[in-house]
Amino acid sequence: MRDVEIRDDMIRLGQLLKLAGLVEDGAEAKEVLEEGLVEVNGAVETRRGKQIVDGDEVVLGPEIIHVVTGTVGGDQIDQSTDNSGSAKR
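Note that my numbering gives residue 48 to position 48 of the sequence shown, counting from 1, and the numbers run on in steps of one.
Some clues are possibly wrong.
Derived DEER-like restraints, expressed as beta-carbon distance ranges [said to hold, decoys possible]:
1. Glu35 - Glu57: 28 to 36 Å
2. Gly49 - Arg7: 29 to 37 Å
3. Met10 - Lys30: 25 to 33 Å
4. Glu35 - Gly70: 26 to 34 Å
5. Gln51 - Gly21: 19 to 27 Å
6. Thr69 - Gly21: 18 to 26 Å
Think of the hints as simulated: they come from the structure by calculation, not from any bench. For each residue, glycine too, the CB sits at the ideal point set by N, CA and C.
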């Protein structure tokens, strides 16, 4: 399990999957979610827009992500968007 740090109080599941490097882009996030391959807190989740908050655990295959807010030395995302509408790292 590894911690992934978010700046705000929540992040959408699709953004988190990209931030954590579990998927390359939104299309891949949509695909793995539609296939039922992602679990949030032990339950299969299919919604890309599901709000993920501090303390949530996300699983995709062998990868387990623990979401934290604040500084803990994990990955962090700038959740603002660039001109293409994509989240910036």
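For a quick check of understanding: which of the numbered hints are violated here, in increasing order?
Failing hints, ascending: 1, 2 and 3.
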